[in-house]
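Colleague: Listed here are the chains, written in short residue letters.
2 protein chains.
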Amino acid sequence: MNIQEIKQGIIEGDRRAIAKAITMIEEGNKEIYDLIKDFKDYAGKAIVVGITGPPGVGKSSLISKLLKEAIERNMKVGVLLVDPSSPISGGALLGNRVRLMENITHENVYVRSLATRGWKGGLSKAVDDSILILEASGKNIIFIETVGAGQIETDIAKKADVVVVVLMPYSGDEIQALKAGLMEIGDIFVINKEDLDKVRTTELTLRMILEKEKGSKILYTSAVYNKGIKELFDAILNTWNELNGKGEIVRRRMERIKSKLINYLSDRIDGLLQNFLNEEDINIENIVKQIYNKSLDEVEASNYLFKKLNEKILKELKD
Amino acid sequence: MNIQEIKQGIIEGDRRAIAKAITMIEEGNKEIYDLIKDFKDYAGKAIVVGITGPPGVGKSSLISKLLKEAIERNMKVGVLLVDPSSPISGGALLGNRVRLMENITHENVYVRSLATRGWKGGLSKAVDDSILILEASGKNIIFIETVGAGQIETDIAKKADVVVVVLMPYSGDEIQALKAGLMEIGDIFVINKEDLDKVRTTELTLRMILEKEKGSKILYTSAVYNKGIKELFDAILNTWNELNGKGEIVRRRMERIKSKLINYLSDRIDGLLQNFLNEEDINIENIVKQIYNKSLDEVEASNYLFKKLNEKILKELKD
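Listed in order, the protein sequences are those of chains V and Z.
One point on numbering: in this note's numbering, the residue at position 225 of the first sequence is 396, and numbering is uninterrupted.
One point on numbering: in this note's numbering, the residue at position 193 of the second sequence is 364, and numbering is uninterrupted.
Each hint should be verified, as a subset may be incorrect.
What the hints assert, rightly or not - Short, incomplete list of chain V residues facing chain Z, as computed with Cβ under 8 angstroms: (1) Y204; (2) I207; (3) K208; (4) R424; (5) I433; (6) S437; (7) R439; (8) L444; (9) K460; (10) Y463; (11) K465; (12) D468; (13) F477; (14) L480; (15) L485.
No wet-lab data here; the hints were simulated from the structure.
Predicted model, so just to flag it, every value in this text is computed and none were measured.
For each residue, glycine too, the CB sits at the ideal point set by N, CA and C.
With the hints as extra help, turn the sequences into a complete structure.
Modeller: What follows is the structure, given as structure tokens:
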């Protein structure tokens, strides 16, 4: 498939074309810029829903059930499973998560795991670009699943129009979520697996934490027993409408564009730094050795390196 | 206390002086550089042990017991509880963790939580500098506790001479740890809370994952029942000696110095970028609005901004 065929395929909703484009995004293939430029008018066509929460709360099975609900409502739905995993393990485990989901072969559904190696800004950018590909392929709603465990995950969840935080009624989950910054970004809070005990305690802690955030909704689901799914789907759509009425969706989407620009710039100047560190005349290993042997002061060495970096940038920009 | 009194206090092992210095580090107070320069000769005096693992496995209670063991062995011990928390919650929760620990008022023990707001590189640097302060105060062994949940945490765990990964025999913990990249950095694996079921399964999965890593040790502890603590403490000291014999401790310490230098440079050039984004003549909000309205192309906008950034850096470096 050449880039024109991929483009045409995406617009027709062809799975192979979508898959190929997202793989190109993962690999950092520059040709993807052609697609992104041409797809500009599709930006913002879909409702983007972030599904986040601590590991093991059942996010993937909840999304499985939401897919079924979307199909029944005759909506076209895309799912991105995002995971800033360790390089050696990432791919395989994400693949497993995809295989464990139901309804993924339905013609209205496209599910895809997303991983990039190393580079953090890359994952963030890959999510943005993949959202656009799914929008161009005619999806009405896009779910982005991230493990809510750190800064990168929180940043990715913030790309969504509506953020659903999933918690399990198991002692301490709500505290972990609070620590991970999830409470600040959630529009809807779902307590999943209500077949377990301690639902009440979780709700009480949640209500305490969320006290001042009047808008937040708390729902119960059980992906296993297929309970509360319709209600959750409705809550997502209603929340989107409410936020949109307040101009909040526009604000969030502009915020997403802004982060993307900043990440781009940040990556480019990081690139300058990486090139600098690889230069032979810098000999960073030797500087490290001298600091370790205490023949060189680390504060002085830092200043020296920054001066050298400046000279380098200056030279590079002039050329 | 002035900086000279703080310096003298640290060398005498005075708690207030240590606390003051670490607070200065957290706040990014530049005066701390004086201490760091003067304390250069203390670098590397302590055995640095990283204790990491998923949330809720009982890392803090395990450290509590290790403190008791250190006291019995007449060692001076420092603990840093590190948590890249959300800005609104961080401090309070870390404070709770400190209060929940035992033996923290013993004269040979200094326990401290460490949080910096926002900025990721800052936390990493704060850990490095705090280790040096604790070394200068005469500590023989320093435990660094991090939640093993993401890239930042893994980076911090790598600062240690010896890394202990704590897991709970609860279905899936070892998979989460694998995904978080913990398997690659662990020297010792501890299955804590052996009063729970599924210990065997956890061990089997672990052995499968670690198959090719001949050196890794698997131990059992129960912080609650005070079991396996002496054995763990011995394993830490023995592992340190083995690694040191192979030149691995030197290699890891040099790696720590290198990351610190790179983080420093990265922060400085990030500073250039932040200044640039705040400049009025850039008007990034307007660019964002134009991209949102589809009157401007994001690829073109990115290139334009990078060009402007270059001009800015060029001008700044010339001045």
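Colleague: Give a verdict on every hint.
Modeller: The hints, checked one at a time:
| no. | hint | verdict |
| --- | --- | --- |
| 1 | Y204 | 5 angstroms, holds |
| 2 | I207 | 6 angstroms, holds |
| 3 | K208 | 6 angstroms, holds |
| 4 | R424 | 6 angstroms, holds |
| 5 | I433 | 7 angstroms, holds |
| 6 | S437 | 6 angstroms, holds |
| 7 | R439 | 5 angstroms, holds |
| 8 | L444 | 6 angstroms, holds |
| 9 | K460 | 7 angstroms, holds |
| 10 | Y463 | 5 angstroms, holds |
| 11 | K465 | 6 angstroms, holds |
| 12 | D468 | 6 angstroms, holds |
| 13 | F477 | 5 angstroms, holds |
| 14 | L480 | 6 angstroms, holds |
| 15 | L485 | 5 angstroms, holds |
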